[in-house]
Amino acid sequence: MAGIFPVDVGPQYEGEVIRKADLYVEFGGPNVRSKFELVTLKGLDEVDNEKIEVIGPDMKDMQEGGSYPLGLMIDVAGEKLEKDMEPVLERRIHLYANYIEGLYHMNQRDDIWVRISKDSYNKGLNSLEEIGKILMFLFTSELDVIEKISITFVTDEKKVEELITKAREIYKARDERARGLREEDVEEFYSCALCQSFAPTHICIATPERVANCGAISWFDGRAAYKLDPEGPVQEVKKGDCLDPIRGEYSGCNELAAVKSMGTYNRVYLHSAFEHPHTSCGCFQAIWFYIPEVDAFGLVHRDFAGPTVVGVPFSTMAADTSGGRQVEGFLGMALEYLRSPKFLQADGGIRRCVWMPKEIKEKYRDAIPEDLFDKIATEEDVKNVDELVEFLNRVEHPWVKGEVELPT
Amino acid sequence: MAVTIVVAGKGGVGKTAVAALLIESLSKKGVVLAIDADPSTNLNLALGLPLGETVGKAREDITEAIQKGTLSPTVSKQDVLDMKIREALVESNKIDLLAMGRPEGPGCYCAANHMLRLTIDRLAKSYDYTVIDSEAGMEHISRQTTRDVDVLIIVSDVTIRGIMAAARMKELIKELRTKVGKIVLVVNRSRDGLPQEIQDAIQKYGLELIGVIPEDPYIGELDMKGSPLIELPGESPLRRGVEDIITKLGL
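Sequence lines, in order, name chains D and B.
The numbering used here puts the first residue of the first sequence at 40, with every later residue one more than the last.
The numbering used here puts the first residue of the second sequence at 36, with every later residue one more than the last.
It should be emphasised that the hints constitute simulated quantities derived from the structure, not laboratory data.
Cβ atoms here follow ideal geometry from the backbone N, Cα and C, with glycine treated the same way.
One should not assume that every hint holds.
[Claimed, not checked] DSS-like cross-link-like pairs, simulated, lysine-lysine; straight-line CA separation at most 27 Å:
#1 LYS59/D - LYS160/B
#2 LYS397/D - LYS129/B
#3 LYS59/D - LYS92/B
[Unchecked claim] Listed next, the stretches of chain B that the computed footprint assigns to chain D, with coverage defined by at least 3 CB atoms under 8 Å from CB atoms of chain D:
#4 105–112
#5 116–130
#6 153–159
With the hints as constraints, model all of the structure from the sequences given.
This is how it looks when you write it as structure tokens:
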């Protein structure tokens with residue numbers, strides 16, 4: 040790329056760290072409040088193609104070693120582009136910016152941090168416009184679906200502040216859409232074998248509607264981790280055929296379970312605690328446990344120290360649940376899974392829940408239907424199963440009353 | 036090529052002092068990433084640097100955010116952690132310092148520690164030297180920092196107990212996944228060379244002795260004034276001892 044741009048450009052510069060001592064200027068980061076980046080899809084007639092604009096002071100007008108606000112806005116247009124691609128294209132800013140020699144870019148959205156080295160500044164990377172030209176070149180040469188592109192750098196603090204409010208609304212709307220992503224919408228799930236040292240027959244599966252047991256690896260994290268380290272513990276799983284949409288049985292997951300459990304299991308239901316439940320490592324945030332007396336379930340999380348309604352604490356139950364086994368009626372899970380529309384749907388989901396610690400009930404209030412909220416007992420309501428039965432009858436819990444229909 | 040050096044040893048043997056001088060000397064040859072893996076986090080004082088946020092705090096923050104479900108569903112936690120670690124880095128001219136802080140509390144940190152390993156491994160690549168000051172030996176190094184270590188310097192005082200602790204540390208490494216290129220022993224605070232019993236113990240446990248550092252009279256003075264150890268004068272036995280070790284190791 041030498042000759043076209045003042046500095047070299049290529050993947051070899053990814054991961055390059057610009058230390059404070061080598062820094063010419065930085066944008067965003069911990070010392071700056073006003074910072075964001077945003078890619079917006081526009082109509083073909085709305086994008087002033089190849090226009091680069093700098094609103095506010097440029098690098099030449101900045102003090103060496105200083106930290107400055109930045110709003111980086113890229114507008115794109117193209118027949119084949121779709122609104123859903125905005126976050127994907129926005130993520131490319133991180134990738135492409137890091138291709139630039141002497142420039143480092145961290146994170147995304149309204150928490151970015153960009154540094155430009157003294158060396159590269161002195162080589163001629165002394166204007167945001169130069170950075171814009173390189174980004175534009177990379178976007179258009181790598182992604183031919185982009186027909187038109189324009190880039191705006193805003194360094195005027197007030198203006199960045201104004202724009203950031205709007206950007207945050209867009210991020211929020213995207214998160215809402217992401218929460219709406221379904222297993223049906225994707226072809227790949229992600230598996231995580233981080234806990235295999237504790238549980239050799241365990242393999243965790245993250246889908247858009249099932250976060251890994253520890254709560255730390257969502258489907259999106261899985262996708263990011265796999266891209267970052269394709270040989271690592273997080274792997275892509277082709278979901279294959281959906282064999283049972285209610286229980287969440289997929290041919291790809293069954294095959295994976297067979298390989299990873301060394302033949303111990305060859306079927307896995309992602310959304311049921313019966314027959315072939317997902318295995319549990321030792322890292323789950325909570326346990327979903329069957330209470331035979333009421334044919335329903337309780338939920339207990341790791342931080343709950345006291346005994347559960349069935350008389351044993353989390354720790355005792357964890358010993359029976361963990362180790363990478365399929366234990367019918369005992370499921371290690373992430374609390375976030377409560378928010379999934381497929382949450383143990385085959386068994387009746389949250390409507391079959393009769394007991395959980397108060398702390399969880401409050402924290403996950405949004406995941407519990409309003410009419411059910413007061414009908415789930417906590418440690419404050421009941422101390423044992425006898426009291427639980429009495430409580431459930433008194434409040435007319437829908438499962439006990441037989442009002443919950445299982446999907447077929 | 037980035038060189039990773041771990042300075043380990045039981046408490047009270049002057050391990051942090053050795054690490055600080057090593058870091059300072061190496062910073063004359065290249066840029067150094069100093070990792071303080073001792074929960075008492077006082078390497079910064081020896082180096083005369085401020086104390087930043089700790090990695091432990093970053094890990095707690097992200098684990099808490101996971102519990103509460105406050106993170107954006109699409110922003111990768113690895114990216115969030117990368118950013119937090121860069122923010123925790125204390126940057127000076129030739130030395131950047133990262134403090135690990137307290138070890139994790141109860142609960143599951145498999146994923147968080149894995150992400151940390153990736154972050155710190157990638158960060159360390161950009162430095163000529165990474166020097167890790169580690170109290171307990173290799174356990175948490177293996178758990179949350181770099182995967183391979185070029186040189187492990189075990190510091191002992193002039194006691195049989197110290198030598199035995201060093202020998203145990205060396206044995207433990209075999210059980211860990213971390214690969215270690217070279218393991219050497221430094222005996223610190225000697226008064227008149229090494230007593231025969233200590234020499235015998237070193238030989239018995241098959242330790243490679245690379246340096247004997249005499250008690251340094253200048254340290255007490257600096258400690259009294261609250262000055263960083265890197266202000267030790269050129270004739271300081273510790274400074275000279277560490278420089279000698281660097282030459283012997285060919286760093």
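Hints, verified against the model:
no., hint, verdict
1, LYS59/D - LYS160/B, "holds, 16 Å"
2, LYS397/D - LYS129/B, "violated, 52 Å"
3, LYS59/D - LYS92/B, "holds, 22 Å"
4, 105–112, "holds (count 6)"
5, 116–130, "holds (count 8)"
6, 153–159, "holds (count 3)"
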